[in-house]
Every structure is written in structure tokens, then in C-alpha cells.
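From first to last, the protein sequence lines stand for chains A and B. Take the first sequence: its letters are residues 1 to 419, numbered as in the working numbering. Take the second sequence: its letters are residues 1 to 419, numbered as in the working numbering.
Where hints are given, some of them may not hold.
If we take Cβ atoms under 7 Å as the criterion, some of the chain A residues that face chain B in the derived model are [what the hints assert, rightly or not]:
#	residue
1	Ala-107
2	Pro-184
3	Gly-200
4	Arg-201
5	Ser-203
6	Asn-274
7	Thr-277
8	Asp-279
9	Ser-282
10	Val-284
11	Val-308
12	Ala-312
13	Gly-356
Residues of chain B placed beyond 12 Å of chain A at every Cβ, according to the derived structure [what the hints assert, rightly or not]:
#	residue
14	Arg-66
15	Asn-235
16	Glu-285
17	Val-321
18	Met-380
Derived from the structure by calculation, the hints contain no laboratory data. The beta carbon of each residue, even a glycine, is placed where N, CA and C say it ideally should be.
2 protein chains.
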Amino acid sequence: MTAINRRRLLGLGAAGAAGVAAAGAGAFATRSVLEGPPPAAAATTSDPVSFYGERQAGIVTPAQDRLHFVSFDVITKKREELVELLQEWTAAAARMTQGKDAGTFGAVGGAPEAPPDDTGEALGLPASGLTLTIGFGPSLFDDRFGLAAKKPAALADLPKFPGEDLKPEISGGDICIQACAHDPQVAVHAIRNLARIGFGRVSIRWSQLGFGRTSSTSRSQATPRNLFGFKDGTNNLKLEDAALLKDQLWVAPGDGPAWMAGGSYMVTRKIRMNIETWDRTSLVEQEEIFGRDKGEGAPMGKKREFDVIDFAAKKPDGTPVIPMDSHVRLAHPSTHGNAHLLRRGYNYVEGSDGLGRLDAGLFFIAYQRDPHKQYVPIQMELARKDKLNEYIKHISSGLFACPPGLRDAGDYWGRALFA
Amino acid sequence: MTAINRRRLLGLGAAGAAGVAAAGAGAFATRSVLEGPPPAAAATTSDPVSFYGERQAGIVTPAQDRLHFVSFDVITKKREELVELLQEWTAAAARMTQGKDAGTFGAVGGAPEAPPDDTGEALGLPASGLTLTIGFGPSLFDDRFGLAAKKPAALADLPKFPGEDLKPEISGGDICIQACAHDPQVAVHAIRNLARIGFGRVSIRWSQLGFGRTSSTSRSQATPRNLFGFKDGTNNLKLEDAALLKDQLWVAPGDGPAWMAGGSYMVTRKIRMNIETWDRTSLVEQEEIFGRDKGEGAPMGKKREFDVIDFAAKKPDGTPVIPMDSHVRLAHPSTHGNAHLLRRGYNYVEGSDGLGRLDAGLFFIAYQRDPHKQYVPIQMELARKDKLNEYIKHISSGLFACPPGLRDAGDYWGRALFA
Numbered sequence: 001m002t003a004i005n006r007r008r009l010l011g012l013g014a015a016g017a018a019g020v021a022a023a024g025a026g027a028f029a030t031r032s033v034l035e036g037p038p039p040a041a042a043a044t045t046s047d048p049v050s051f052y053g054e055r056q057a058g059i060v061t062p063a064q065d066r067l068h069f070v071s072f073d074v075i076t077k078k079r080e081e082l083v084e085l086l087q088e089w090t091a092a093a094a095r096m097t098q099g100k101d102a103g104t105f106g107a108v109g110g111a112p113e114a115p116p117d118d119t120g121e122a123l124g125l126p127a128s129g130l131t132l133t134i135g136f137g138p139s140l141f142d143d144r145f146g147l148a149a150k151k152p153a154a155l156a157d158l159p160k161f162p163g164e165d166l167k168p169e170i171s172g173g174d175i176c177i178q179a180c181a182h183d184p185q186v187a188v189h190a191i192r193n194l195a196r197i198g199f200g201r202v203s204i205r206w207s208q209l210g211f212g213r214t215s216s217t218s219r220s221q222a223t224p225r226n227l228f229g230f231k232d233g234t235n236n237l238k239l240e241d242a243a244l245l246k247d248q249l250w251v252a253p254g255d256g257p258a259w260m261a262g263g264s265y266m267v268t269r270k271i272r273m274n275i276e277t278w279d280r281t282s283l284v285e286q287e288e289i290f291g292r293d294k295g296e297g298a299p300m301g302k303k304r305e306f307d308v309i310d311f312a313a314k315k316p317d318g319t320p321v322i323p324m325d326s327h328v329r330l331a332h333p334s335t336h337g338n339a340h341l342l343r344r345g346y347n348y349v350e351g352s353d354g355l356g357r358l359d360a361g362l363f364f365i366a367y368q369r370d371p372h373k374q375y376v377p378i379q380m381e382l383a384r385k386d387k388l389n390e391y392i393k394h395i396s397s398g399l400f401a402c403p404p405g406l407r408d409a410g411d412y413w414g415r416a417l418f419a
Numbered sequence: 001m002t003a004i005n006r007r008r009l010l011g012l013g014a015a016g017a018a019g020v021a022a023a024g025a026g027a028f029a030t031r032s033v034l035e036g037p038p039p040a041a042a043a044t045t046s047d048p049v050s051f052y053g054e055r056q057a058g059i060v061t062p063a064q065d066r067l068h069f070v071s072f073d074v075i076t077k078k079r080e081e082l083v084e085l086l087q088e089w090t091a092a093a094a095r096m097t098q099g100k101d102a103g104t105f106g107a108v109g110g111a112p113e114a115p116p117d118d119t120g121e122a123l124g125l126p127a128s129g130l131t132l133t134i135g136f137g138p139s140l141f142d143d144r145f146g147l148a149a150k151k152p153a154a155l156a157d158l159p160k161f162p163g164e165d166l167k168p169e170i171s172g173g174d175i176c177i178q179a180c181a182h183d184p185q186v187a188v189h190a191i192r193n194l195a196r197i198g199f200g201r202v203s204i205r206w207s208q209l210g211f212g213r214t215s216s217t218s219r220s221q222a223t224p225r226n227l228f229g230f231k232d233g234t235n236n237l238k239l240e241d242a243a244l245l246k247d248q249l250w251v252a253p254g255d256g257p258a259w260m261a262g263g264s265y266m267v268t269r270k271i272r273m274n275i276e277t278w279d280r281t282s283l284v285e286q287e288e289i290f291g292r293d294k295g296e297g298a299p300m301g302k303k304r305e306f307d308v309i310d311f312a313a314k315k316p317d318g319t320p321v322i323p324m325d326s327h328v329r330l331a332h333p334s335t336h337g338n339a340h341l342l343r344r345g346y347n348y349v350e351g352s353d354g355l356g357r358l359d360a361g362l363f364f365i366a367y368q369r370d371p372h373k374q375y376v377p378i379q380m381e382l383a384r385k386d387k388l389n390e391y392i393k394h395i396s397s398g399l400f401a402c403p404p405g406l407r408d409a410g411d412y413w414g415r416a417l418f419a
């Protein structure tokens, strides 16, 4: 038995059943097989997102609800073993994003004497909008694999920011994979199977679950809230911003090595929130720190979330309506020569910290054309001046080069880099 | 401004809008207000579940997809402060389970100079089937609050089980609250606000997020899968099993102190899974360990998940079709004088463990009439003989007495206990 569609095992849902009726003999094929490639943005939270395309999925794809992120150390010293792994990963990713098992001999189709090609916990679950996005960290370009000459300048280490308290064991890494899906079981299954396939060649350095998105990447999505209770990412770059995406998100030919043209750079920051302290802060102070009202998310002095911010407005006493040290002012593109980020962060909670406090916060992910021209100046300003710093601590950091998308099944993750 | 419905802030969804059209002036009331109390089982994953009733919600309620569980130490020494907290918690729980803010002065309705009555991160989100279920741990019945005479015999500490490796800092606790919801942001919001309300009177001892349910508690639900990839809880007690629930789930009058009649006892166990080792085990061995096939979940020798298990069946060579040390045989009610459990467990992933492995497993929750007659004999048999023990480790344990449900808004959590 080969190429089992996961939906087969629990019977087909309504949409699948309709497809089957139309297709006759292809009773267990996926919708994508029946109807051609799925769109870049899935129509429902069950549907697949296309794995192939000019760009990697999972960047401008409307942000899915759940995240499992992993950073690997490469433990093989052999370049050819790493390339082979990237090819195997690509094949598994192409299958899993379409709602299939990780391998052609899945949990129920394999030889009984061998470990299954798939771990099984997503059997019966639809594709759930799964995207898998790969990135290569600065450390991959050391002397192990002959990649030093291909290291982009944009992948130079981030500077140290004031106040950060980074833990090396949950920072950095040679290769990252971001799994986003509407069902966390599907995201966890994908990362777990990629880790399984990588056995002996890579080792998990750190991984991160995010239970709820804190960003919209499309105007079709409502702005979600972070664990401070505020809407987050109102002015985020969105997939509809074609000119800005070209200018600020995607690496252009000539920006650096050819293998990154059409890709994007990802910055990750795990930001612990002191939510107990925050929760004892007055509403007026919370709103002054963000520079927005809490309920609607409108800039101070305005009524609605998307009203244009008036940084020049003054109160009758001459002080600015939007405080000089407010988050919205310090982070705004107008403060940084129009530097934008495409954020795709997630809320996290990981038990408690032994001091009676929730271990919770924001796993920040941002994509951009050049982190040293975008994330770095923005974060340096925030790290120096943001009043929010009293309530947060950056505890991990990652920087990864995410190459462009794959053309077709003959292509694989990192082909141009290793060519 | 009082009693804000969270949905108001982002406009009403389709169902809410229909209700508004019917209700005219009650433009921002909840559906439950418009149409009477919500049913014990929500019709959709957005709807509220009734907070009042003969039983606490969150036990036989069809298991919601996500969990946030918290265990508190009581830090006040004053009985009246604890009672006051339980009253405040009850009021907040009654509101939040119906999709409202935690307090009457929510994140947008309070005095600006005061911290908001609600932390805000669930603003705009529907009730999402939220249930909040309280339990009292053995340690609450020490000499601090004069409750020693009211301690049920069934709340005696669990014995030590072979092979367990319990960490005290994530075990036990005076009071637990289980938050289940279809949206994790709603479950996290509820626990976070209860912790906020408890400031100075309780301290979080431990908390646990679960991203995906591993049990069905109703025949209307498909059986989900654990992180070993197997269906879990096929023979779980379900809300439709009226006679069994009466006999095995609910505490009867005369079982112990009167305040627990109509309640149930909860056992929690955090079970770390060595999933990397499991993933290198052959399919046939995995299936023999569980005693079921992986794809369908059928007992060995049968075709379908719910086929009756034939423990007497022999292979041609005379050995049992279902191995003597298989999980399904050792855990089956027929092995334990018909002892059943109602399980409501959740899969968890919490990053990696520093050795390149995912820190992942199952947060087991089970309800029953008497843990010493149900969980203890079952787990003792499993701990001694189950082949699955090579792949799992119990790392935390909790035991809690969950009283019956609340009659109405005049009642509060623990009233009969503290009466």
C-alpha cells in the first residue's frame, strides 16, 4: 500500500466526499489531486496550502492559528549526508503539507518489521493549512560544509541589545523549520517526523510551541491579541501590500548571494512577559505604554484601530497625545526610515516558573529583506527606550536565511545553496 | 459600563447577529441570555457550556480540544480569605464560561486609574466551550483551614507506583482548576485571570498546557490519537453510559463526607514519552505493545476499532492473539473487576530536553468515584507489567476532590465544604 491519504482512515469529510462523487474511481485521492494544486491561501482551515511556488509558504500565507518551531544542530560532518537529509525532508514536507503521511510507507502501510514511515498521530486529520518553512542559520556557514563563501552579509550575527538575557541553549541553530497549521497536532506531527527522519544527522537544539497567533498577515484576518491583552500587529506588513513586500520583505537579485534571491530573513525572539506585574498596572498606564486604547486598539486620540496615527498631536497642556516612549511610536516605520517587518508571532505558555508565576510570553517571528536594516534598528530603539521593557525580557534569539520557494518535485530545500 | 460581552468588541458573528435581529434592543446580549441557558454540550465549538448544573461542567462535557490546567498553593492562612477568593473565583468563572470578561469592569470598562478587571487577551473571542472545573487536593485538609474532619477517605495519597519519577514541584497542590476550551487563548485567559484574582491568597504551584485532546467523552466524538500515534480511549467511559457513570464516575451519598456527594475524584499524571525511541520501534512491536492495530485501532485479531476484544483468542501456535503484557489487556476493565475511568487527557509538547529530544508526552486526567478502587489498581498493574513502560515515565501526579455542580448564582465553589 502506498501514498495513503490521512483522511482515508476516518472516512472523508463533506468536502472530500463531494470530490469523490465527482471523481468516481479516485475514491481516496486528495482534493488537491482531484482539482489541481491548492491555492496559496487555503479556503478553509482544513484545506492544504501549496508547497511549491515562487516563495516559501508560511511567510505571507495568512497566519495560521498554531505553531511548532524547531531549530536543529547538524551533527553529521558530511556534506553529502546533509544534502541527502534536505532531499528527504523536502519529500516528506511536500507530502505532509498536502495532508499525507510523512513517507510512502506510512504508519499502516509499511513492512511490519520496520518502524513506520510516519508516526501516526495525524492519521485522519486534514492538511489543516500546514506550511513548513526552512531557514539556514549563520552557524551553518562555518567550515564544516564548505558554505562560508555563500554566507550572506545579511546573516551576520545580530548585535547585543540592551537588557536582553539570551539563553544560548534556546538560541541560534544551524537549520530551523517553522511549522504553522490550524491544528496543533498537525504542526507537532510535522516537526516530530522531520526530526525522526533527521536522526543521526541533526539533533534538536530547541523547539517552541505557540498556541495562538499574535499577528495577521492578510487584511482578511482580524488582528489578534497578545498576552498583555492588546491587539498586536495592526500595522503589520500584509500579503496585500505588494509594493512594500517587494521593497521590504523579499530579497532582490543583487542583494547578496544568488541562492537567496526571492527569499527572506527570519528573526526569532522569545520574549518572556511578566504578566503578573502587568496585570497590576492601571488601564491608563497600559494604554500609554502601548500608545493605543486596549478595547478597540485605536491609536490614542483616535477612534478606530486602523485610523491613521497622529504623532504630532498635542494635548491642551502641550504634551504629546501619543507618549514619546510609547511602543507604537518607537516601533512605527516613520521612526525608522520606513522600515517594516512582516511579523508572524505566537503566544506561548509553558507552565510556571517556580516562583508562582506563569511562564508565558510571545514567540516573536519577523521576516524581512535585511535584518540589519530593519529588525536591528527598530529593536535597538525599543530596547533603549520602550516603557514595555519593564514588563518583558528577551530570552532567546535566532536569525535564519529562508531561501525562495521550490519550483516542483525535482527541487529540494537548499539546492541552490549546495549547488 | 458593566457586563461587557466579549463579542461586542469585534462585532457579532453570524449566530450572534441572528440573535440580535430577533431580540431587538438586547443588541449586545449573549445568545445564552436571549435563548435561555446553553445546553450541557455546546452545539458548536464557539458556543458556551452551562456553568450551573447538578455536576461540574468539564467532566462528561464532550472533551474540548485544548487544555490549560493549574494547581495552586494557598498562601493565605486565613480561612475567610480563602472563602472570599472562592466566591470571587466562582463569579469570574460564571462570567468567563459564558464568553464575558472576568469582572464587571473589564479591560475597557474599568476606571482608568485601576488595573482592569480583565486582562483582555480574549476580547472578541466567543465562549469557545470553556469549562472551569475545580478540585481540592489532600493538602488543603491539613490544619490550616479546619478542614481535616471533612477529608474524604478517597482523597488519601496515592501509593508509590513502580518506575515513577515524580517531581514534587509539578505535583500535588491545594486547589486545581481545569480549563478546557476549543480555543487555547480562551483557556489560557481563564486560568490567567483566576490567578490574577487570587494574588496574595494563592500562588501558582504548577500549570500545564495541553494542545490536543487524547480522549473522547462522548460517542459523538471520533477517538483522537496520542503522540505514540495510536487511538487513545476507545473504551473510555462516555457521557452516554448513564448506568456506568452512576456506578463508577459520580460519588454517591454515603460514599464519604456529604459535601462530595455528586462529585468525582480527579487523578492527573504527567507522562513523558520517549518518542524518539518509540519512533525507531517496528510497527509490529508497537502494535503488540498496545494490543491494537495502529491504523484502525482495532483489537488484534479484529477488524474495527469498536469490535469486542477477544482476550481468549489464541494463535495457531497456542499463544494469545492479544499479548499478556499488552496495554489493552492490562488496562481493560475485565482485568480489574470492571473498574472504569473517565479520561480527559491531552497531548503536550514543551520544547526540547537539552539532549536533542522533544520534551513531549501525555497529560493524563481521569475522573472516577474512588481512585483507590479504580485508578490505583489499574495503574499498579500497568506500572508492574506494561511493555509501554520502556517508552514512558510518570513525572508528576495530582489527586483532587471535585465537588458537585453549583445550583445557581447564589452558590459558590466549596460552599458545602466550608459550610
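Against the structure, the hints:
1. Ala-107: holds, 5 Å
2. Pro-184: Holds: closest Cβ of chain B sits about 4 Å from Pro-184/A, inside 7 Å.
3. Gly-200: Violated, because the Cβ-Cβ distance from Gly-200/A to chain B comes to roughly 10 Å (cut-off 7 Å).
4. Arg-201: Status violated, d = 11 Å.
5. Ser-203: Holds. Min distance 3 Å.
6. Asn-274: violated, 13 Å
7. Thr-277: violated, 10 Å
8. Asp-279: The hint holds - Asp-279/A has a Cβ within 7 Å of chain B, the shortest such distance being about 5 Å.
9. Ser-282: Nearest chain B Cβ about 5 Å off; hint holds.
10. Val-284: holds, 4 Å
11. Val-308: violated, 21 Å
12. Ala-312: violated, 24 Å
13. Gly-356: Nearest chain B Cβ about 3 Å off; hint holds.
14. Arg-66: It is violated; Arg-66/B is separated from chain A by about 7 Å at its closest Cβ, not greater than 12 Å.
15. Asn-235: holds, 18 Å
16. Glu-285: violated, 9 Å
17. Val-321: Val-321/B clear of chain A: closest Cβ-Cβ about 15 Å, beyond 12 Å.
18. Met-380: With a cut-off of 12 Å, Met-380/B remains clear of chain A, as the shortest Cβ separation is near 28 Å.
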